[in-house]
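> Assemble the whole structure, with the sequences as input and the hints as a guide.
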Amino acid sequence: GQNIDQPTEMTATEGAIVQINCTYQTSGFNGLFWYQQHAGEAPTFLSYNVLDGLEEKGRFSSFLSRSKGYSYLLLKELQMKDSASYLCAVSGLKGGATNKLIFGTGTLLAVQP
Amino acid sequence: GAVVSQHPSWVICKSGTSVKIECRSLDFQATTMFWYRQFPKQSLMLMATSNEGSKATYEQGVEKDKFLINHASLTLSTLTVTSAHPEDSSFYICSARDTSGRFGETQYFGPGTRLLVL
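Line by line, the protein sequences give chains A and B. Numbering-wise, our numbering puts 94 at position 94 of the first sequence, and it's gapless, one number per residue. Count along the second sequence from 1, add 1000, and you get the number used in our numbering.
If you are wondering where the hints come from, they were derived from the structure by calculation, not from laboratory data. Model, not experiment: these values are computed from the prediction. Among the hints, a few may not be true.
Said to hold, decoys possible - Taking CB as the label site, the calculated pair distances span: (1) A:Gln-19 to B:Glu-1063: 35 to 45 Å; (2) A:Leu-74 to B:Lys-1055: 39 to 49 Å; (3) B:Ser-1083 to A:Leu-74: 42 to 52 Å; (4) B:Glu-1059 to A:Arg-66: 34 to 44 Å.
Stated by the list, open to error - With a Cα cut of at most 20 Å, we get these calculated EDC-like pairs of lysine to aspartate or glutamate: (5) B:Lys-1041 to A:Asp-5; (6) B:Lys-1041 to A:Asp-52; (7) A:Lys-68 to A:Asp-52; (8) B:Lys-1041 to A:Glu-14; (9) A:Lys-81 to A:Asp-5; (10) B:Lys-1014 to B:Glu-1087; (11) B:Lys-1066 to B:Asp-1027; (12) B:Lys-1041 to A:Glu-41; (13) A:Lys-81 to A:Asp-52; (14) B:Lys-1041 to B:Glu-1063; (15) B:Lys-1014 to B:Asp-1088; (16) B:Lys-1064 to B:Glu-1052.
Quick reminder that beta carbons are idealized off the backbone N, C-alpha and C, glycines included.
Here it is as structure tokens:
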């Protein structure tokens, strides 16, 4: 089966660092994505990991361990505008079909002053 | 780069009518587009995969006769909600995957269409 788990909610302080974890169990794996979604808006792409290790992009970093089925998104120097839902999504291959994204339920991050 | 547009952004319709939503990739070609639905405080649920020049692939539980998908060109996919009912009210989001390889396997999302059926 397909299963992606991430915490439902997190709270952090402006200027701090927060790590959002994601664990997955999928029938196939062709990459893991992190998206940011503000309330009432569509998701925007943050990062893509297909190999093990850390990908850094400005204040955002994403880590992947394929053997553990684990990823995290690290947000540094938090700003109020970072308050949003963060979606972990896995691209899985199923019988050669088009790579579909399987989404977790999202982690709602609240950044407080 | 990698911009996806959706139209309309908002639609309110009466029960029983049909609504068409357009999804366009503006600066890249997409042989594959995806249609999602999102209810309040829930994650995105994939409805169907839209393939240019062929029939769409629907997820289990999604009625293909109710949600008609047409992918007539490499930059346009449409979703028609036929005979809409209040339970179809939701946030519909499309995404497109750039097949040229410039953006890897990443799916880029349109801004979404909020549908309210009265």
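> A separate judgement is required for each hint: does it hold in the structure or not?
The hints, checked one at a time:
The beta-carbon spacing between Gln-19 (chain A) and Glu-1063 (chain B), approximately 40 Å, falls within the hinted interval of 35 to 45 Å. A C-beta distance of roughly 41 Å is found between Leu-74 (chain A) and Lys-1055 (chain B), which places it inside the suggested range of 39 to 49 Å. Between Ser-1083 (chain B) and Leu-74 (chain A) the CB atoms are about 47 Å apart, so this pair conforms to the stated range of 42 to 52 Å. Between Glu-1059 (chain B) and Arg-66 (chain A) the Cβ separation comes to about 25 Å, which falls outside the hinted range of 34 to 44 Å.
For the hint linking Lys-1041 (chain B) to Asp-5 (chain A), the alpha-carbon distance of about 16 Å falls within 20 Å, and the restraint holds. About 31 Å separates the Cα atoms of Lys-1041 (chain B) and Asp-52 (chain A), which puts this hinted pair outside 20 Å; it is violated. Of the supplied pair hints, the one linking Lys-68 (chain A) and Asp-52 (chain A) holds, its CA atoms being roughly 10 Å apart against a limit of 20 Å. Proximity of Lys-1041 (chain B) to Glu-14 (chain A) is assessed by CA-CA distance (about 24 Å); at most 20 Å being required, the pair is judged violated.
For the given pair, Lys-81 (chain A) sits about 24 Å from Asp-5 (chain A) by alpha-carbon distance, which is inconsistent with the 20 Å threshold. Between Lys-1014 (chain B) and Glu-1087 (chain B), the direct Cα distance comes to roughly 12 Å. Compliance with the 20 Å bound is thereby established for this hinted pair. As the CA atoms of Lys-1066 (chain B) and Asp-1027 (chain B) are separated by approximately 30 Å, the hinted pair breaks the 20 Å bound. With a CA separation close to 12 Å, the supplied pair Lys-1041 (chain B) and Glu-41 (chain A) stays within the 20 Å bound.
Simply put, Lys-81 (chain A) and Asp-52 (chain A) have alpha-carbon atoms about 29 Å apart, too far for the 20 Å limit, and the pair is violated. Restraint check for Lys-1041 (chain B) and Glu-1063 (chain B): the C-alpha separation of about 23 Å exceeds 20 Å, so the hint is violated. At most 20 Å may separate the alpha-carbon atoms for a hinted pair to count; Lys-1014 (chain B) and Asp-1088 (chain B) meet this at roughly 11 Å. A threshold of 20 Å between alpha carbons decides the hint, and for Lys-1064 (chain B) with Glu-1052 (chain B) the separation of about 16 Å falls inside it, so the pair holds.
Of the numbered hints stated above, those contradicted by the structure are hints 4, 6, 8, 9, 11, 13 and 14, listed in ascending order.
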